[in-house]
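Peer 1: Start from the sequences, fold in the hints, and give me the full structure.
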Amino acid sequence: MARQSRPTSSTSTASTRRRRGETERRIRANDREFNAQFHYANNYIKTSKYSVLTFLPLNLFEQFQRLANFYFLCLLVLQMIPAISSLTPVTTAVPLIGVLALTAVKDAYDDYQRHVSDSQVNNRKSLTLRNGKLVEDKWAQVQVGDVIRMENDQFVAADMLLLSTSEPNGLCYIETAELDGETNLKCRQCLLETAEMGQDDARIGAFNGEILCETPNNLLNKFEGVLTWQGKSYALDNDKVVLRGCVLRNTQWCYGMVIFAGKDTKLMQNSGKTKFKRTSIDRLLNFIIIGIVFFLLSMCLFCTIACGFWETITGRHFQIYLPWDKLVPTDPTEGATVIALLVFFSYAIVLNTVVPISLYVSVEVIRFVQSFLINWDEHMYHEKSGTSAKARTTTLNEELGQIEYIFSDKTGTLTQNIMTFNKCSIGEKCYGDIIDEQTGEVLELAEGTVPIDFSANPDYEPEFKFYDKSLLEAVRRKDETVHSFFKLLALCHTVMPDEKSGRLEYQAQSPDEAALVSAARNFGFVFKERSPNSITIDVMGEREVYELLCILDFNNVRKRMSVILRKDGKLRLFCKGADNVIYERLKNNSDSRKIKTQDHLNKFAGEGLRTLCLAVRDLDDDFFNDWKNRHQAAALSLDNRDEKLDAIYEEIEKDMELLGATAIEDKLQDGVPQAISKLAQAGIKIWVLTGDKQETAINIGYSCQLLTDDMAEVFIVDAHTFEEVELQLGKLKDAIGNLEKSDGVNGGPTAVSVVTFSESDYQHGCSVEEPEISGGIALVINGHSLVHALHPKLEKLFLEAASQCKSVICCRVTPLQKAMVVELIKKNKHAVTLAIGDGANDVSMIKAAHIGVGISGQEGMQAVLASDYSLPQFRFLERLLLVHGRWSYFRMCKFLRYFFYKNFAFTLCHFWFAFFCGFSAQTLFDPIFISFYNLFYTALPVMSLGVFDQDVNDKNSLSYPKLYTPGHQDLLFNKKEFLKSAMHGFFTSCILFLVPYGTYLDGVSPKGHALSDHMLFGSVVATILIIVVTAQIALDTAYWTWWSHFTIWGSLCIYFAFTFITNYVFGGSYVGSLSKAMIEPTFWFTTILTVTLLIVPVLAWRFYFVDVKPTLSDRVRLKQRLESLRSRQSQDILRTPSARRTRRSIRSGYAFAHQEGFGRLITSGKIMRKIPRPNTDFSFPLSFGSTIGASLSPRKPVVATSSSSSAGAFNNLAPPEIPGGFNEQS
Amino acid sequence: MCADVILKDPTSECTCDITFTLDKDFAGKVYMYYGLTNFYQNHRRYVKSRDDSQLLGRLNPKPSSDCNPFTTTNANDTRAIAPCGAIANSLFNDEIELISEKLGQVKLLNTGIAWPSDKKMKFNNPSGDLTEAFKEYAKPPNWRKNVYELDPNNPDNNGFENEDLIVWMRTSALPTFRKLYRRVDHTATGFVQGLLAGNYLLKIKYNYSVKPFDGTKRVILSTTSLLGGKNPFLGIAYIVVGSICLLLGVLFLLIHIKCGKR
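From first to last, the protein sequence lines stand for chains A and B. Count the first sequence with full-length UniProt numbering and you get residues 1 to 1226, in order. Count the second sequence with full-length UniProt numbering and you get residues 1 to 262, in order.
For the record, the hints were derived by calculation from the structure and aren't laboratory data. Just so it is clear, the structure is predicted and the values come from calculations on it, not from any experiment. It is possible that some hints are incorrect.
As the list claims (entries may be wrong) - Below, computed lysine-lysine pairings styled on DSBU-like, alpha-carbon distance capped at 35 Å:
#1 B/Lys258 <-> A/Lys955
#2 A/Lys326 <-> B/Lys145
#3 B/Lys119 <-> A/Lys326
#4 B/Lys122 <-> A/Lys326
#5 B/Lys120 <-> A/Lys1007
Peer 2: Take a look at the structure:
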């Protein structure tokens, strides 16, 4: 498997740059002094950014790199200059310090967490050899060249060269889930020469080999180096190296020599810095802010010019009462120019509140609280695993409401990665359905259904559940076919038995095989043990030993595997494989069994089960011996061995007799089909990217409703060359074109959601029609074709075709390809993408997508650690997107619209005032009011709106997935919506200024006092502004909680309380102004007039749109309101789209999910700890596996050491010749 | 014209007489205002140019720099100005008398014209004898009298607590404004009912120059109602807005019946 590493991370480039000098690495084992001269990194890991001392300067530096913070810093500096300052610096300083402090606290907390996790990792214990003695040491103290002892189930501390292991032949098993997400075991083998040292600490302590190897890099499956020891040199490759992050499995102990440590390890080199993700709203905001800044500057420019004119025309003459500043030239033109220029900056300060500093903080706070709402959602709590949804990144919530593409992993995400033996067909009879005894109907599996009790069998597994009693009865009846069937399952496989705490356990490299063997075991056909040439099973308590003559191993082309066994002199071939492959090789007679079984196979496939056919053939000795000789010859041939072997296998795997078929369920996670269909209805495109085989992927596609029979075509792209892929994609495009044409004739696709509210609906609530979407094309593309499809030349074609398909399944893709597919869509479609996965192989995709979701509660944590959100189950994605995502988006948009409105309404009052104060940058409002407006007076209600508001409750959000679509087109907040809010604010400020202007121009109190002074006027406008803005938020709030009441009324109270306190208690200069205004009726009349003028148009506008052009959201809300009015009734009438069980097309699924090459391992005996009994008859291993699977096959002896030829090497490794290892254990 | 006389020599005295006729009685309390136009009391530098601490009676040889350039008299004489700043310096100082043809001099009150809250909380005289307290301080350049001589008739109406000063210091919001100048004393005989119809003479001692910046001066006599002085704006606005709301109501009722979708 050509797995490529992830794109080079910034860390690795940095570290390579740092040590550009290092072109090779030279290490001497157990020689710290020698290694010290090269200054290799030790095993200490640091992911934290700050220390106590560097925190303040570094953090401040980072914060001021944010444009907004820097902008406000500049403003603050401007305000310090007396000639310019139009506001006291406090007005900017207070919010700025608040913002900086909040962010600093958050950063400090994050970094503290990193410190904690660093020190946890660095303080793990490892056993290090020091002067021939094992010493317990911290991970951080391990250095390059040290020799470490590791024990079973321990994490590997650093990248190291294996020296010796507890297992025979220096083998060692590791799990690499943390590294590449593959959960199957891999084996590594050390040099036989070093393996001899065993666990003799003294010998290993004296080991002084010298390694010359490559420099640190991030390629996970490549290692090159040479070991020089005792005058000989040995080539080293990836198979002799275990990497940090792996876990040792099934190996009691092993010794290794550290090659790369700490940040040089391949794990760390691969963990690139997580990219800082921003939402599309963030980007839009930045654009808008820049736009606002330009608007601000143009306002300032306007004021500057106007000020110049004013000073020349009026101000110059007004100098008798208001002389110009000393620094201004006395010449009228010059003076006016200088003043005007200064005013530019003064206005920049006065009007800066159009770019609200509190915006960023408020957005962050809202997202933070929203994240908690996600974390606390009981509906996303998975009881079985005890985990709940978690927002790991708190800054992306609203993007959850805009997802257009979901990229999903299959194994562990859509499926549980549990295979269960579900049904079978044996000799024309189908087992597995539960049949109602009275009616004879097939019953659905319900909670209460009791599985068969297998406890009579001493080797039974309590986890195994089977419900059809008739099969067990058939077994007990000693039905011959049934017995043969189960014997085949117990014999024909490559599973290894293992004894763990007294219980028999199986180690299978594919979960399918494990399921089959364990099914046989529970039915009383227990696979007990195996040796290179024998298999022992227990049939109903009786021991049976079979002589294993040959394993005809599995591979992708053959799609089957066979074993040839001898018992009591009778030779028999057992074969299992894909149905079409087996059927071709059956005896040439028209058997009713064939037809019946085919029916059953179709039925199984229709239920989304993975099927296998089982067949046997009796052989006679002569034929077999003849065949064996030819087989041997083929196995030893040097060229075209694979083809020859296949041909030989073909000869013997024919004229077989069909036994039956098995059906294995690749269990989907709960609710996956429903979730997928809901998400699809919400207009989200779901792509499955899986490393699995095409057949498995398609199978799962059907069972989770990604593929349906309604589809016009399931198009498969599986070509191997560029030209062929181009051709296939072209065809696909044509097919789509044709389909569209025919659709056009039929009046177009009907995928429109229609909500009807008829008269009668009022009686029962309303019904929503979601017409079934029929037709469409699905695309299945293979990894090797994807290589070409992602080529820059084909990219466009692929994208065009794929994005028009209803669903896309990419199978056999590498992690890198997953990321590339995501990047492709991200780059070209400008759509918001979400990637969901559970394994380390999904990490790259999770990091690449706008939003990464990890499935938690699985073994590996890599995906979760890289993700932005973690969910316990795939089905919660539905709620995360349709409820939380939609709400977050809705809230954020509403928040932003209101926020800009209120700041425009507030700030532009100064602009109108400029026309009356000679463009002198005098503020209309009290400076205290200006600094408190965004902070205290108007912040809380809009925050509570941003956190709690909802147009439609969660139940309806889920019932009407179409409600999700506005997010796709950015309908709720875009440039147009922003302009609307800004204009709203603009007119609001205009009326806010003009109405009091009219009333207070000649305002006089009944006692004769003039009421037209600046402070009173400012207070009046400010008070009306607060009232209007609060009324507006009350109008905007669709969902009233006690918190909204509290904040909305509270804000008004706070305004009056603060104004009172600042003026009367602290003696502000505005003292008395507001109270004077408020005791006059004029004020109240003005207020009522202004508020009416400002709110009535808004009401009218909204009424018009809700009444005449209601959106889906409006309708559902109306329905919701009606419902709550006449609460009960309606629920059952509302048709919730149920997951419909469509009949699936007749396909053949086959259940080989494993890799080839294991057969040879078994017959060579290499992976067996003990050989039960020496077998003299068949000392020569018969099976030579065909191609060698990259990660599982035993390693070919490499270059320098091995003296024997490649063919002979197998002989060397065959059991009798193997030194050490084997017999010392038994 | 007095304006020109003043312009030539700011210290010269010039009196301006204006006669006018009241067609009907001004019933109730009558207030006299002076109005200025094109006078930018709301200019940033003007608004800023005061020292609130000084006005609270906390005299300091170095007043706040906000008062520049009216902090000290000039470069040679470093006596601080009290009250400092451009606002105080530009105090309106015309003296207006109202004479009724029938009843003679109309008695005008110069107290009760400032807001009580201002008088109480924002303006305080330094303790002790005013003349003594302000000895070290200069009067603003434009002023003809010292701050402790503003009202020769009423010793309590002097210094920072002088109501004319307090009224002036409450800067106006707009360049066209009026400020309360005097109240008619309705206890005097003949004025109990208000100001009766008849001919009147305004005698204005012309001190205050508005000519250079194209300003105008007005004298306004006004009675008040619950809503204050005469101001048609609110009434008209209410009628207009009310009608619009009514229209909208009808319009939307029609829309709702005709095209309302449910």
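Peer 1: Going back to the hint list, which numbers does this structure go against?
Peer 2: none
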